[in-house]
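Here is what each chain is made of, one letter per residue.
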Amino acid sequence: MTVEHADRGPLDRDELARLVAGDIPRKSFVNLGIGQPTAVADHFGPDSDVVLHTENGMLGMGPMAHGDDVDPDLVNAGKIPVTELPGAAYFDHALSFAMMRGGHLDVCVLGAFQVAADGTLANWHTGAPDAIPAVGGAMDLAVGAKDVFVMMSLFDRNGTPKLVPECAYPVTGLRCVSRVYTDRAVFHLTGDGVRVTETFGTTLAELRARLDVPLL
Amino acid sequence: MTVEHADRGPLDRDELARLVAGDIPRKSFVNLGIGQPTAVADHFGPDSDVVLHTENGMLGMGPMAHGDDVDPDLVNAGKIPVTELPGAAYFDHALSFAMMRGGHLDVCVLGAFQVAADGTLANWHTGAPDAIPAVGGAMDLAVGAKDVFVMMSLFDRNGTPKLVPECAYPVTGLRCVSRVYTDRAVFHLTGDGVRVTETFGTTLAELRARLDVPLL
Amino acid sequence: MVEIAPDTDAAVRGIADGSTVLIGGFGAAGQPYALIDALRRGGAGDLTVVNNNAGNGTTGLAALLATGRVRRIICSFPRQVDSFVFEELYRAGRIELEVAPQGNLAERIRAAGAGIGAFYTPTGAGTMLAEGKETRVIGGREHVLEYPIHADVALIRAHTADHAGNLVYRKTGRNFGPIMATAARLTVAEVTRVVPVGGIDPEAVVTPGIFVDRVVVTP
Amino acid sequence: MVEIAPDTDAAVRGIADGSTVLIGGFGAAGQPYALIDALRRGGAGDLTVVNNNAGNGTTGLAALLATGRVRRIICSFPRQVDSFVFEELYRAGRIELEVAPQGNLAERIRAAGAGIGAFYTPTGAGTMLAEGKETRVIGGREHVLEYPIHADVALIRAHTADHAGNLVYRKTGRNFGPIMATAARLTVAEVTRVVPVGGIDPEAVVTPGIFVDRVVVTP
Chain V
1 MTVEHADRGP
11 LDRDELARLV
21 AGDIPRKSFV
31 NLGIGQPTAV
41 ADHFGPDSDV
51 VLHTENGMLG
61 MGPMAHGDDV
71 DPDLVNAGKI
81 PVTELPGAAY
91 FDHALSFAMM
101 RGGHLDVCVL
111 GAFQVAADGT
121 LANWHTGAPD
131 AIPAVGGAMD
141 LAVGAKDVFV
151 MMSLFDRNGT
161 PKLVPECAYP
171 VTGLRCVSRV
181 YTDRAVFHLT
191 GDGVRVTETF
201 GTTLAELRAR
211 LDVPLL
Chain Y
1 MTVEHADRGP
11 LDRDELARLV
21 AGDIPRKSFV
31 NLGIGQPTAV
41 ADHFGPDSDV
51 VLHTENGMLG
61 MGPMAHGDDV
71 DPDLVNAGKI
81 PVTELPGAAY
91 FDHALSFAMM
101 RGGHLDVCVL
111 GAFQVAADGT
121 LANWHTGAPD
131 AIPAVGGAMD
141 LAVGAKDVFV
151 MMSLFDRNGT
161 PKLVPECAYP
171 VTGLRCVSRV
181 YTDRAVFHLT
191 GDGVRVTETF
201 GTTLAELRAR
211 LDVPLL
Chain W
1 MVEIAPDTDA
11 AVRGIADGST
21 VLIGGFGAAG
31 QPYALIDALR
41 RGGAGDLTVV
51 NNNAGNGTTG
61 LAALLATGRV
71 RRIICSFPRQ
81 VDSFVFEELY
91 RAGRIELEVA
101 PQGNLAERIR
111 AAGAGIGAFY
121 TPTGAGTMLA
131 EGKETRVIGG
141 REHVLEYPIH
151 ADVALIRAHT
161 ADHAGNLVYR
171 KTGRNFGPIM
181 ATAARLTVAE
191 VTRVVPVGGI
201 DPEAVVTPGI
211 FVDRVVVTP
Chain D
1 MVEIAPDTDA
11 AVRGIADGST
21 VLIGGFGAAG
31 QPYALIDALR
41 RGGAGDLTVV
51 NNNAGNGTTG
61 LAALLATGRV
71 RRIICSFPRQ
81 VDSFVFEELY
91 RAGRIELEVA
101 PQGNLAERIR
111 AAGAGIGAFY
121 TPTGAGTMLA
131 EGKETRVIGG
141 REHVLEYPIH
151 ADVALIRAHT
161 ADHAGNLVYR
171 KTGRNFGPIM
181 ATAARLTVAE
191 VTRVVPVGGI
201 DPEAVVTPGI
211 FVDRVVVTP
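Protein chains in written order, with UniProt numbering: chain V, 1 to 216; chain Y, 1 to 216; chain W, 1 to 219; chain D, 1 to 219.
Among the clues, some could well be false.
Example chain Y residues on the side facing chain D (calculated, C-beta under 7 angstroms, incomplete) [what the hints assert, rightly or not]:
no.: 1; residue: Pro46
no.: 2; residue: Asp49
no.: 3; residue: Pro86
Since the hints were derived computationally from the structure, they do not count as laboratory data. Even glycine gets a Cβ: it sits at the ideal position worked out from N, Cα and C.
This is chain V alone, in the form it adopts within the complex (with noise of 0.2 angstroms):
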C-alpha cells in the first residue's frame, strides 16, 4: 500500500531526516554515517531513547560540541568534536566493531552512490581511475547492523536513478539495505521485490516509468 503524496514537492534535507529519524523504533542503538544521514540525530524526540554509537569508541553521543565544550579527545567518526550524554560508555576499536560486525546495532543510517533492488550497496567508492579508495566503516556497518537504512536523493544531478537494478560502482555490501529513504519516496526492500510505502511529489505510476527497478 502506498501512500501518496503528489500534491507537493520532493522532501528537503531536513523533512528527509526527519522522516528517518520518525521510523527508527524508540530504544534503538542507532549508527548514523558521516554526511547526510548525520542530520538525523536532530529529529529524535526528547522520549526517544535512542542510543548512538560511534565508531570510534562511543555510545551515548551527544550533540556536535561548540564553544568551550569542544575537546579534542572526543569526536565523531568525521572528526566533529561532540558531547557526551549521561549513561556514555567509551571502549576501543576491537569491542566497537564488535558492536558493528556482530549484529548489536539495531540500525544504521548510510549514504549512498546507488542502491540494487536486491540491497547491494555503493556508497565507498566512485571506481574512477584516479580516486583514492577510503572506506572507514562503511563496509562493517553495512554486513553488520540489523537494519541498514539509505538516504539519499532518489536522482542524480543528471536525472539518473540511485536505485538501480545493479551497482555499477563498487559495492560495499551484498544484499544488506533494508529501506532506502529519498527525497522522491520510501522503498522497502523486501525478500519479494521493492516496495514503494510513500512517495513525495510524485507518484507511483511516475517512478514504476522512471526507474528501471520493478515496484511491488
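Given the coordinates of chain V, assemble chains Y, W and D onto it according to the supplied hints.
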C-alpha cells in the same frame, strides 16, 4: 657442561620450587600452573619484580588469602582465594587468554605426566578410558608462553622415566617445553637435543643409563 | 534502555526448551547463582550449557545439572574435587560433554559476539581436542579451525549496573561475563546494585549497555 | 616493569629501517604526535605504517609521510579534507596504499596480539577489497579470510600510566591504542602523567602493563 651434585640426595619439592624461581629472570610476567608449580611463587626474592598472571583474569596476583582477606571474587586458576598486589589489573577471559596465546607471558611453569625429548608435553589427560577429560588453560599456555618450564619428578612411582622419546599419554602441545626441572636433574630442550645442566643425587652417566632419551 | 526485572523469575522468563545458555563464572567467582536457580525453577529442558566448569557442590550449576534438564555441556574443566553431580550424570551417559581448551572456549564466545565466522588457532593442534577439525599451516605452525559459540541466552553476574545497562564487575568475578554478554540473543545480568544513569564513569564501563537486556538485583 | 623514558627520543630508540609501525589515533584524537615527531627525527626509513588514516594537515603522521621514509601505509580512510601530503605522495607513486575496512583493520591488529592465525569475516565479501582473498561460505554467508597485522613497534597515546605500565585513556582518544599495544614487539605510550604503582584502580585499567614497554610523559 653438566654440574653434578652426586654427593647429595634428590631435590625435595621446596628445593625444586626455589631452583625454578631462581631461573626466572627479574621483571618477568609469569603464569604458574595449578599444583606443584604454585609453590614457585614463595621463592621469588623481594626485588624480583616478577608479575604473576592468573588466567581467570588478573595480573599482579599476590599470595594466598587467609582469614578475613578471603574474598570469593578473588581467586586463582585453582579457585584458591588469593590477594591483590599494588599495580594489579583485572580483565576478562578474552584479554587474559590473548596474553597467553599472543605470546606475552615470559614464562609459564607447568606440571607434567610426560615430556618428550622434542619438548612435546603431556599433562592434561591420563588416557584412561574412564577418565573425565579436563584441559583448562594448559593447551593455551603450552602454545603461547615464550618459555614453557615443566616441574615434575623425573621418575614415576614405578621408577619409569617421565622424560621420554615420545609421549604415551595424550599430548597437550607439540614441541613447546624449553626446560624440564626435576628432582634429579635440570634438562634444557634445545633444537640440537637434550642438555643436562645440573644433577642432584645422580650423575650424567647414571641418567644416560636410565633414560631412553639421548643426552648431549 | 535495559529492563530492570523485579525478581529473578521475571529476569529469566521466556527461556525455551532446547536453548543454548552461556553461564558466567569461574568456579564460584562470577557464577550467577540466583539466575541459575531461577532457570532451574523455570523448568526449561533439553538445554546446552556453556561454562568453564561443570558445576561444583550441590548448588548453582550443579543443582541445575541434577535436574537432568541439561542435555549437553561445553566447558574446559569439568573435573573438580566436588564436581560429583556432573560426574555421576556423565558416567551414567545422561549428559553429553564437549571439552574445549579454555582459551578456545573464550575466543569462540568472543567470536560469536564479534561476528567472526571462524578462526585459526595453534591451541590444541596435534592433540585429541583437534581430532576431526580442519587444520592449516600458517607461518610454519599448525593451526586448528574453530567456530563461534552462538547462544540464545547469557546469564552472568556483575557488580554494578546503571539504568542504561552498563556493567562493571568485581575482581576475578569478571572472567567470562563481558564476552558472554556479547554472544547471546538475550543477556541477563544479576548485580549487587543498580545506580542511576550517569552513576558509572563512562571510562570504567566494562560491558556497555548495548549488550545487556535485563538486570536484576540479588544479594 | 615498564621503562619510563626521559624523553621522546629515548622512547623511540632502536626502531630499525624496514619496521612495521602501528600508530594510534583516529584523526587527531589519540594520535601520539610527540612520538611520531621523535620517530621522524630518528631517521628510520622504509617503514610500513598502520593507522586508521593517512595523516592530516602538516603535523604528526603527515609530517612523517612528508619525509618520504614511509614506503607503505595500511589504513581504512586515507582521504580527508586535509590529507594533501599523503595524496601528493600517492599520486606521485611514492607510497604504497593498502585500504582495509576499519573493522578488519582493528580485528587484524587484535588477532596479532591474541595469537589468532587468521579469521573469517563477512565484511568486504563480494567487494573490491576482497579481491584475491580466500573466501568460504559459513552459515550460508560468504566470508573472507583475513590475516593478522603483526608489528615491530606500536606508538600510542594514553592519558595516565602507572609505574607498572598500566594505562587508562581519555574518551574517544582510546580507539586503536589498546589493541595496537598488544600487537607489537615494542609498545611505546606517550601519556599526560605517570602515577605511582597503585595509582590506577585495578578494575579501571584498560591496557595492562604486560603490553607496554616504554612510557614517556608529554604535555
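Against the structure, the hints come out as follows:
With a cut of 7 angstroms, the hint placing Pro46 of chain Y at the interface with chain D is violated, because the nearest CB-to-CB distance is about 14 angstroms. Residue-level restraint check for Asp49 of chain Y holds (minimum Cβ-Cβ distance to chain D is 5 angstroms; threshold 7 angstroms). The closest approach between the C-beta of Pro86 of chain Y and any C-beta of chain D is roughly 4 angstroms, which is under the 7 angstroms cut-off, so the hint is satisfied.
Hint compliance for this structure: hint 1 alone is broken.
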